[in-house]
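Using the sequences and the hints given, assemble the complete structure.
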Amino acid sequence: MRSLAARIGLLLEFPSYEESVASITMRNVRPPWSMGKGLYLFTSAGTVSYIGRALGSSLGERLRSQVRSRCDDDWDAILNHRGTRVSIYQFGPADAFWTASPEAFLIEKHRRRIKKRVS
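In this note's numbering, the protein residues as written are 1 to 119.
Read the hints as simulated data drawn from the structure, not as lab findings.
Quick caveat, the model's predicted, so the values are computed rather than measured.
Quick reminder that beta carbons are idealized off the backbone N, C-alpha and C, glycines included.
Incorrect hints may appear among the rest.
[Unchecked claim] Across the chosen pairs, the derived CB separations fall in these ranges:
hint	residue 1	residue 2	range
1	Trp98	Asp73	30 to 40 Å
2	Asp74	Ala94	28 to 38 Å
3	Ser101	Glu18	21 to 31 Å
4	Pro15	Thr47	17 to 27 Å
5	Ile107	Asp72	16 to 26 Å
6	Gly46	Phe105	17 to 27 Å
7	Arg70	Ser23	16 to 26 Å
8	Ala94	Ala45	28 to 38 Å
9	Asp95	Arg30	12 to 22 Å
10	Ser23	Asp76	15 to 25 Å
11	Glu61	Asp95	17 to 27 Å
12	Ser23	Ile107	22 to 32 Å
13	Asp73	Pro93	35 to 45 Å
14	Asp72	Thr25	15 to 25 Å
Have a look at this one:
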């Protein structure tokens with residue numbers, strides 16, 4: 001069975017990547033997705049916990065900010081859970097303007113399971 005990142009990446013026809021929270025926090029070398037724009041999902045045991053997008057800043061900047069943020073107990077639990085993975089979908093410059101559409105679709109699809117977070 002393909003990972004959630006691979007399934008959604010195929011659906012959206014964009015490059016997809018999957019990372020652990022630790023790999024984003026500790027990485028010294030920039031991965032191929034870090035300078036791009038796109039969507040990302042925090043998942044654990046196949047359940048989506050958080051969906052976000054990087055439009056004004058790069059995916060690398062946005063995700064590093066997310067994993068360093070310690071704002072509430074629910075968010076800390078997501079970040080500290082061993083099984084939490086981050087699925088990343090990188091969009092090209094010409095596609096970045098409509099990235100809010102798949103984000104809205106994914107939020108609606110997973111609405112009952114997503115923790116609301118204000119950053």
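Now for the hints, and whether the structure bears them out:
Evaluation of the 30 to 40 Å hint for Trp98 and Asp73 yields a pass: the beta carbon distance comes to about 35 Å. The beta-carbon spacing between Asp74 and Ala94, approximately 36 Å, falls within the hinted interval of 28 to 38 Å. Taken as a hint, the range 21 to 31 Å holds for the pair Ser101 and Glu18, whose Cβ atoms sit roughly 22 Å apart. Pro15 and Thr47 have their C-beta atoms about 24 Å apart, which keeps the hinted 17 to 27 Å range intact.
Taking 16 to 26 Å as the suggested C-beta distance range, the pair Ile107 and Asp72 conforms, at roughly 19 Å. Taking the beta carbon of each, Gly46 and Phe105 are about 18 Å apart, inside 17 to 27 Å as hinted. Distance hint check: the CB atoms of Arg70 and Ser23 are about 18 Å apart, consistent with the given range 16 to 26 Å. The hint said 28 to 38 Å for the Cβ distance between Ala94 and Ala45, and at roughly 35 Å that hint holds.
For the pair Asp95 and Arg30, the beta carbons lie near 21 Å from each other, so the given range of 12 to 22 Å is met. A C-beta distance of roughly 18 Å is found between Ser23 and Asp76, which places it inside the suggested range of 15 to 25 Å. Against the hinted window of 17 to 27 Å, the Cβ-Cβ separation of Glu61 and Asp95 comes to about 19 Å, which satisfies the hint. In this structure the supplied range 22 to 32 Å holds for Ser23 paired with Ile107, their Cβ-Cβ distance being about 25 Å.
Separation of Asp73 from Pro93 is about 38 Å and conforms to the stated range, judged on CB atoms against 35 to 45 Å. For Asp72 and Thr25, the hinted distance range of 15 to 25 Å is satisfied, since their beta carbons lie about 18 Å from each other.
When the structure is compared with the earlier hints, no violation turns up for any of them.
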